[in-house]
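One line per chain: the protein sequences are A and B, in this order. All residue numbers for the first sequence refer to my numbering, where the first residue is 2 and numbers rise by one. All residue numbers for the second sequence refer to my numbering, where the first residue is 2 and numbers rise by one.
A hint or two may mislead.
For identical chains, the list gives no copy identity; a pair is met inside one copy or between any two copies.
[Said to hold, decoys possible] Pairs of lysine-lysine residues, derived as DSS-like cross-links and limited to a Cα-Cα distance of at most 25 Å, are as follows:
1. K78 / K105
2. K48 / K58
3. K58 / K337
4. K23 / K58
5. K349 / K58
6. K412 / K429
7. K349 / K260
8. K435 / K384
9. K384 / K251
10. K251 / K332
11. K345 / K260
12. K134 / K105
13. K458 / K356
These are calculated hints, taken from the structure and not from any lab test.
Protein chains: 2
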Amino acid sequence: MGKFLTSRSENYSQWYNELVVKADLAETSAVRGCMVIKPYGYAIWEKMQRQLDNMFKETGHVNAYFPLLIPKSFLSKEAEHVEGFAKECAVVTHHRLMNDPNGKGVVVDPEARLEEELIIRPTSETIIWNTYKNWISSYRDLPILCNQWANVMRWEMRTRLFLRTAEFLWQEGHTAHATREEAEAEAKKMLEVYAEFAEKYMAVPVVKGVKSANERFAGALDTYTIEAMMQDGKALQAGTSHFLGQNFAKAFEVQFVNKENQLEYVWATSWGVSTRLMGALIMTHSDDNGLVLPPCLAPTQVVIVPIYKKAEELEAISAKVNEIVAKLKAKGISVKFDDNDQKKPGWKFAEYELKGVPVRLAIGNRDLENNSVEVARRDTLTKEQMSLDGIDEAIVKLLDDIQANIFNKAKEYRDGMITKVDTYDEFKRVLDEKGGFVYAHWDGTTETEEKIKEETKATIRCIPIGNPLEDGVCIYSGKPSKQRVLFARSY
Amino acid sequence: MGKFLTSRSENYSQWYNELVVKADLAETSAVRGCMVIKPYGYAIWEKMQRQLDNMFKETGHVNAYFPLLIPKSFLSKEAEHVEGFAKECAVVTHHRLMNDPNGKGVVVDPEARLEEELIIRPTSETIIWNTYKNWISSYRDLPILCNQWANVMRWEMRTRLFLRTAEFLWQEGHTAHATREEAEAEAKKMLEVYAEFAEKYMAVPVVKGVKSANERFAGALDTYTIEAMMQDGKALQAGTSHFLGQNFAKAFEVQFVNKENQLEYVWATSWGVSTRLMGALIMTHSDDNGLVLPPCLAPTQVVIVPIYKKAEELEAISAKVNEIVAKLKAKGISVKFDDNDQKKPGWKFAEYELKGVPVRLAIGNRDLENNSVEVARRDTLTKEQMSLDGIDEAIVKLLDDIQANIFNKAKEYRDGMITKVDTYDEFKRVLDEKGGFVYAHWDGTTETEEKIKEETKATIRCIPIGNPLEDGVCIYSGKPSKQRVLFARSY
Chain A
2 MGKFLTSRSE NYSQWYNELV VKADLAETSA VRGCMVIKPY GYAIWEKMQR
52 QLDNMFKETG HVNAYFPLLI PKSFLSKEAE HVEGFAKECA VVTHHRLMND
102 PNGKGVVVDP EARLEEELII RPTSETIIWN TYKNWISSYR DLPILCNQWA
152 NVMRWEMRTR LFLRTAEFLW QEGHTAHATR EEAEAEAKKM LEVYAEFAEK
202 YMAVPVVKGV KSANERFAGA LDTYTIEAMM QDGKALQAGT SHFLGQNFAK
252 AFEVQFVNKE NQLEYVWATS WGVSTRLMGA LIMTHSDDNG LVLPPCLAPT
302 QVVIVPIYKK AEELEAISAK VNEIVAKLKA KGISVKFDDN DQKKPGWKFA
352 EYELKGVPVR LAIGNRDLEN NSVEVARRDT LTKEQMSLDG IDEAIVKLLD
402 DIQANIFNKA KEYRDGMITK VDTYDEFKRV LDEKGGFVYA HWDGTTETEE
452 KIKEETKATI RCIPIGNPLE DGVCIYSGKP SKQRVLFARS Y
Chain B
2 MGKFLTSRSE NYSQWYNELV VKADLAETSA VRGCMVIKPY GYAIWEKMQR
52 QLDNMFKETG HVNAYFPLLI PKSFLSKEAE HVEGFAKECA VVTHHRLMND
102 PNGKGVVVDP EARLEEELII RPTSETIIWN TYKNWISSYR DLPILCNQWA
152 NVMRWEMRTR LFLRTAEFLW QEGHTAHATR EEAEAEAKKM LEVYAEFAEK
202 YMAVPVVKGV KSANERFAGA LDTYTIEAMM QDGKALQAGT SHFLGQNFAK
252 AFEVQFVNKE NQLEYVWATS WGVSTRLMGA LIMTHSDDNG LVLPPCLAPT
302 QVVIVPIYKK AEELEAISAK VNEIVAKLKA KGISVKFDDN DQKKPGWKFA
352 EYELKGVPVR LAIGNRDLEN NSVEVARRDT LTKEQMSLDG IDEAIVKLLD
402 DIQANIFNKA KEYRDGMITK VDTYDEFKRV LDEKGGFVYA HWDGTTETEE
452 KIKEETKATI RCIPIGNPLE DGVCIYSGKP SKQRVLFARS Y
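The following block holds chain A by itself, in its conformation from the complex:
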């Protein structure tokens, strides 16, 4: 069925683009850089949201909602932040259209110019810290542990569905703390939450690490990241958690009276993951036949296809299938019985492979007689006959197996894509010939980092958490280095 898609080996990028559209996940829209998330893609995103939201709440966070628009002047208040975010953004300048006096259609009403332009939020630190100013006066008001699910906008020049779009959906946590230690612990805790979500639910293995100064979020003192490895050897930053120090509190004059009755600036974190995770999910597991979804996030976990010639056969099969469906639903499994008469089984098999449904049951007359069913796994594309007795428990186990298997497969691949190198020649050779993470000594300077990026397009993805110290020399400058860091070309 691979004929539907360009193969990964032929053109990985084209494979991805085709897959996103053909599996009905998303498509481009009439608005440059903005996507339409189609129902099937959105159903996966909803499952991600639900799980993440549960994890945020279990760690003590609450949801809130802050304005879409940010006064232009707010962006200038934090010096680094404005450099990072004020440049490419959607600017609202007017609040009214009028009928075109010279013809058809509507034009901007020149008299409805805003006194101060408003920016569509690229991220919400500024508007949120301007709000927190009124919420915080004493240590008793702290911590504030808010999250918001929202759309944001960054005017990207080159966009790709899910991976980089002008508008995207995300969550952004913004927390306020009385001490540096507490804020740092929060930023690290949320990195752990993201890593657990990626590995346990998305089945995407990630490296947890800290960004170099150059790759930090604009306005952060430390940016923690989870980095995933795609099948084409490029890294993908899947989530970040920032320790913001007192930068935003100072920019927005947010002080509190501490237990010692002294005025102090508030400590902050922010952390976010976005619909970009959809890109990571798709690229980590899928194959030339289509999507491969982890059972934990698949909108439909099991599809049942009847194999029959005559209407009476379908009737007998349906009666049995309804029993199976009821049993599976009782186990909390989402199951679809596709008895559409207009499509042939072969077409359905291909369709559900393309859509990444983890388990497919095919059942015909012969199976009814034998009290069995053909069970196909999407991850391995293997089939086996199973008895209908205890099929519900067998499927529960199978879904667990698939979840574990695709994680292990991805982890094995990822582990094999971390290459230790000691010279710049080797570094460049590995990047060009193999790809993946290159684990190499670096002198710790932004200058070296930028030169390497310029010459090879590889960036420092992170310094892994718990990275062993090791004396060495920088592959680029030959200067002394205390540890290796992970470089990669990336999305």
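Using the hints provided, position chain B relative to the given structure of chain A.
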């Protein structure tokens, strides 16, 4: 504890504004007309969302996501729609800021002007029908039953928290059908879903009806509405469902091949409810002591306050409370044990009254000895002692009672606020002295409707579904009328 709030009788509008802020539901933001929805308010909205989303899915709908921005030219494609929505909206004209060459801060980069201005969606019919064009070619592609949860923006001149804000959160369903009958049935079905949600979950009684031509959604052939009655005698439109005919299909050239192999325009509906429902919820049930929440939507359904003097006492109470909490949670009840040592019981009682927690348990040493607990209802402000044996089942029943009671109370009030009148003088007198719905004959013309509105500020809220036909004369024009309609002043 009423001292915290202006009373309703003193100044209803001020009571509402104070309540929204003091109960931590929402507040104004630095951006004109845009609100911050605070965690407690958002928790209620989340419960509404969850329930509505379940009801949409049970009726066969799926979620999707469409772009925030709409090309200006799209708005002009549907003639009535542009009149209704193109006028007061946020217009994006540029995509970049730059450092101000003359000083500090940032300014709009004049070179980053967009070729075509983009509008922040006031509603999404245009961008969605432009998308559906590519999804629909045959009757086999129909129906499409999509919903989206999103933020929208309408540049309102006078705003009030939840009731009318420039940015608000909502859901908008957009469906496409092969026949007129099916689309009309869908629009009516969603009205029923909204009415069921309002009455069963929000405990807000509503009148289901159809709008007069003048009050229709811009671009609709019929607008169905649910209308609620607030405690100040003003009506509030709580949700609308539109039968759009083929207007948007024609505007965006969306045709399909029907079963008879003929090209035909697609039939459409759209339907939405918004954070305005929060306003309806607050104003329907709350009193001078604060919020009154229906148990179905209360983030915390039961709060437990320990009454003690010494630390040992608290220890003994806590041990018992932990048992109660476990029992209540096992019944699916959300419960909070407030053992904060910094606040006195009286302060806590007032606080949870203000926040509308449906049930409060107070438990002290004496109660432990008697194996009982003091149970206070927020709706009636009454207290009683209850045995701790079977307390979980008693609370389940109590929550059901409260849910039913506040609905019945609101319904009784609302029913009493429908006044039949036969003359224009009586009409004006009822509006001024009593308020509420005025049920009167109308000649069916927009002209009369607008004159009445001009003179009395009352509009036709709806023609109720199943309204009895009855010969009469229009209260304004004296012309013949076939039925009475519901007028009211409204939010």
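Now the hints, each set against the structure:
Taking the shortest alpha-carbon separations for K78 and K105, only the inter-copy value of 10 Å comes in at or below 25 Å, while the best intra-copy value is 42 Å. For a Cα distance limit of 25 Å, the shortest separation of K48 from K58 qualifies both inside one copy, at 15 Å, and across copies, at 14 Å. In the homo-oligomer, the alpha carbons of K58 and K337 lie at most 25 Å apart only across protomers (15 Å), although the nearest pairing inside one protomer, at 31 Å, exceeds that limit. Proximity of K23 to K58 under the C-alpha cut-off of 25 Å is restricted to the inter-copy arrangement: shortest distance 24 Å between copies versus 35 Å within a copy.
In the homo-oligomer, the alpha carbons of K349 and K58 lie at most 25 Å apart only across protomers (24 Å), although the nearest pairing inside one protomer, at 39 Å, exceeds that limit. When the C-alpha separation of K412 and K429 is checked against a cutoff of 25 Å, the pair qualifies only within one copy, where the shortest distance is 24 Å, while the shortest distance between copies is 75 Å. Proximity of K349 to K260 under the C-alpha cut-off of 25 Å is restricted to the inter-copy arrangement: shortest distance 23 Å between copies versus 66 Å within a copy. Taking the shortest Cα distances, K435 and K384 never come within 25 Å of each other, neither inside one copy (33 Å) nor across copies (73 Å).
Proximity of K384 and K251 under a CA criterion of 25 Å is satisfied in neither setting, with 62 Å inside one chain copy and 49 Å between copies. In the homo-oligomer, the alpha carbons of K251 and K332 never lie at most 25 Å apart, since the shortest distance is 52 Å inside one protomer and 47 Å across protomers. In this assembly of identical chains, the alpha carbons of K345 and K260 lie at most 25 Å apart only when taken from different copies (21 Å versus 72 Å within one copy). With identical chains, the CA atoms of K134 and K105 are at most 25 Å apart between copies only, with a shortest distance of 23 Å across copies and 47 Å within one.
Proximity of K458 and K356 under a CA criterion of 25 Å is satisfied in neither setting, with 33 Å inside one chain copy and 55 Å between copies.
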